[in-house]
Amino acid sequence: MKKLILVYATISCMVLYSCDFKVGDKKSDVKVKTVTSKDNTTLNGAIIKNDIEVDATGVKVKEVYLVDADYKPLAENKARVGEKIHIVIKMDTGWVKENGKSFIGAGEKILTSSGRVVVSADDIFKEQELTGLDADDTKVISLSALITQADPGVDNFEVQFRVWDKKGAGEVRGKYYFSLKKD
Numbered sequence: 006m007k008k009l010i011l012v013y014a015t016i017s018c019m020v021l022y023s024c025d026f027k028v029g030d031k032k033s034d035v036k037v038k039t040v041t042s043k044d045n046t047t048l049n050g051a052i053i054k055n056d057i058e059v060d061a062t063g064v065k066v067k068e069v070y071l072v073d074a075d076y077k078p079l080a081e082n083k084a085r086v087g088e089k090i091h092i093v094i095k096m097d098t099g100w101v102k103e104n105g106k107s108f109i110g111a112g113e114k115i116l117t118s119s120g121r122v123v124v125s126a127d128d129i130f131k132e133q134e135l136t137g138l139d140a141d142d143t144k145v146i147s148l149s150a151l152i153t154q155a156d157p158g159v160d161n162f163e164v165q166f167r168v169w170d171k172k173g174a175g176e177v178r179g180k181y182y183f184s185l186k187k188d
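Quick note: the sequence shown uses the numbering used here, first residue 6, plus one each step.
Rather than coming from a laboratory, the hints here were simulated on the basis of the structure.
It cannot be assumed that every hint is accurate.
[What the hints assert, rightly or not] Derived DEER-like restraints, expressed as beta-carbon distance ranges:
1) SER147 <-> SER125: 15 to 23 Å
2) LYS83 <-> ASP141: 30 to 38 Å
3) SER184 <-> ASP141: 31 to 39 Å
4) ASP127 <-> SER184: 44 to 52 Å
5) ASP97 <-> ASP75: 23 to 31 Å
6) GLY50 <-> ASP73: 22 to 30 Å
7) ASP141 <-> GLU163: 30 to 38 Å
8) VAL124 <-> ASP73: 15 to 23 Å
9) LYS83 <-> LEU138: 29 to 37 Å
[Claimed, not checked] Straight line, CA to CA, 25 Å or less: simulated DMTMM-like cross-link-like pairs of lysine to aspartate or glutamate:
10) LYS102 <-> ASP139
11) LYS67 <-> ASP156
12) LYS95 <-> ASP56
13) LYS65 <-> GLU88
Think of the CB as a built atom: it goes at the ideal place given N, C-alpha and C, for glycine as much as any other residue.
Let's have the full structure, built from the sequences with the hints guiding it.
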């Protein structure tokens, strides 16, 4: 009888140990990564969301995430055809300032999952090259991706982005992936 009770207790412990109890644990669908000093990167302290891959040199990034056309945070990296996705890059420090202006460039490229380039913008801020942008405005940079039409079977995209300082060595570059929503 004692052996039977011991076997029953052992099996009960194993079953309970293998269970995953979650009471009232509602986690957000957005994946958030806070970069720490253990990560050995220049992004120390930055909050990176939506599985965005980011690298920064000569600047300090505060936060990087995706939003929809209404600037609401995206829970999933998905959009419909004709619907914009914005990447928001919040800067802490780094752009060179001259007379209250920063001179930055920004480029973006959208590729299909097979590597075909569907959109390429080399320097979105080229028109402000001589006048610069208000330094406060360059603390938050938003770049948008928009698919206006897609071939059948093409529903996954990679967006490569780069923001750089035209008067200094600062640069933020990276990429993220998104897919088209099925209606």
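Looking at the structure, which of the earlier hints fail to hold?
4, 11 and 13
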